[in-house]
Amino acid sequence: MNAPEEKDPMDTLLHEQNAYVDDNGFTARVIAALPPRRYRAWLRPALLLGAAAIATALAIRWLTWESLPPLDLSALLSLDFQALTPWMSVLLVAASITWAVVAAVQWDD
Amino acid sequence: MTDADLIARVLSSEDQNAFAELVRRYQSPVRAFLARMTRGDTHLADDLAQETFVKAWRKLHTYRGSARFSTWLFGIAVNEFRSVARQRKDLALEEVEESQDGAAQPARESVSQLRLDLTESLKRLHSNERAAIVLCCQNGLTHEEAAQVLECPLGTVKTNVLRGKEKLKRWLAGYQDYERA
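If you're matching them up, the sequences are chains B and F in order. Residues in the first sequence are numbered consecutively from 0, following numbering that gives the first Met the number 0. Residues in the second sequence are numbered consecutively from 0, following numbering that gives the first Met the number 0.
The hints are simulated quantities; they were obtained by calculation from the structure and are not laboratory data. A few of these clues could be false.
[Claimed, not checked] Now the stretches of chain F that chain B is said to cover, found in silico as 3 or more residues with beta-carbon under 8 Å:
hint	region
1	50-63
2	159-172
[What the hints assert, rightly or not] Calculated cross-link-like contacts (lysine to any residue; reagent style SDA-like; alpha-carbon spacing at most 20 Å):
hint	chain 1	residue 1	chain 2	residue 2
3	F	LYS54	B	GLN105
4	F	LYS168	B	GLU15
5	F	LYS54	F	ASP89
Beta carbons: idealized from backbone N, C-alpha and C, even for Gly.
Based on the provided sequences and hints, a complete structural model is requested.
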C-alpha cells in the first residue's frame, strides 16, 4: 500500500467517496453477452499455424531448389536483380511463413 | 471460494456461474472507476464495464496470476476507456480550465456539499491524474499496481497522484475543515 499518504485527510475523503455501486442487473447483462470462449481462444492461431505448415510443405515441394543459382556475393553487391530474384522469392516465402508462426504463437484475442 | 478457484473453473469447464461470481465481486469498483473516467457518464461507463468483462472472459487464459485479478481487470478497463477517449473529444485527456479555482463558495461547512465539490473537482483533473488518484486513493492499488494498469513508469504514477491531490486541495481550500469531513 501507499503508506506515506495514508494519513493525508484528502486520502480519507477520497476513500470515503468510493461508494459501492449496486449491481442492478449488470452481472446478468454481462453473462447474456458472453461469447463462446474456447472457440476464440484456439481457432484462429490454429488456422494460422495450419496455413503456415501447408505453405512450408508447398514451398519445399514446388520451389525449384535445383535451379537456384549459387549465392554470389558479387551479385549481391552489384545488385544484380536477375541473379538475386530467385533468392528473393525464397526469402519472401520464408519470411511469410515465419511471420505466420510468430503471429499464431503470440495470438492474443 | 477464491478468485483463483473461480478462474480455474472458468478455464477448465467454461463455467458461466463461476464467471458471474467474479463479475459480481468486481462490478462495483470497475463501474465506479469508469464512471469517474467518463466524468460521470454512467451509461457509457456501464457499456465500457460490460465490454471490459466480456474481454476478460475471452482473454482469461492470458491471466497469469502474477497480479491481483482486480489489477488485471482495471488494465482492461483502462484500455477500453482509452479506445473510446480517442474518438470522443468530450472525454479528451485535458484538464478542465482552472479559472474557477475556489469556485465552491456556498455552504462551505457542509460535508455533503464538500463531497459534491470533490466529485466535480475529480472531473476537472487531467484524466491521467484522475486515473492515478482513483486507482490508488479510492481502490487501494499500490503505485506499482497502478503503473502496471496504466502502462506507465512508476514515477509518473507518483507524480500524477501528488499533482492531482495538490489540485484537489487547492480547489477545495475553501473547506477549511475538510480533514474532519
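Below or equal to 20 Å on CA atoms is what counts here, so check F:LYS54 against F:ASP89. With Cα atoms ~25 Å apart, F:LYS54 and F:ASP89 exceed 20 Å; violated.
Establish whether the coverage given for the region 159-172 of chain F by chain B is satisfied; the threshold is a Cβ-Cβ distance below 8 Å, and no fewer than three residues must meet it. Held - the region 159-172 of chain F has 4 residues with a Cβ nearer than 8 Å to chain B, which meets the minimum of three.
Do the alpha carbons of F:LYS168 and B:GLU15 lie within 20 Å of each other, as the hint requires? holds, 16 Å
Is F:LYS54 close enough to B:GLN105, meaning Cα to Cα at most 20 Å? Holds: F:LYS54 and B:GLN105 sit about 17 Å apart, inside 20 Å.
Whether chain B covers the region 50-63 of chain F (at least 3 residues having a Cβ closer than 8 Å to its Cβ atoms): holds (count 8)
In this structure, only the earlier hint numbered 5 is contradicted, and the remaining ones agree with it.
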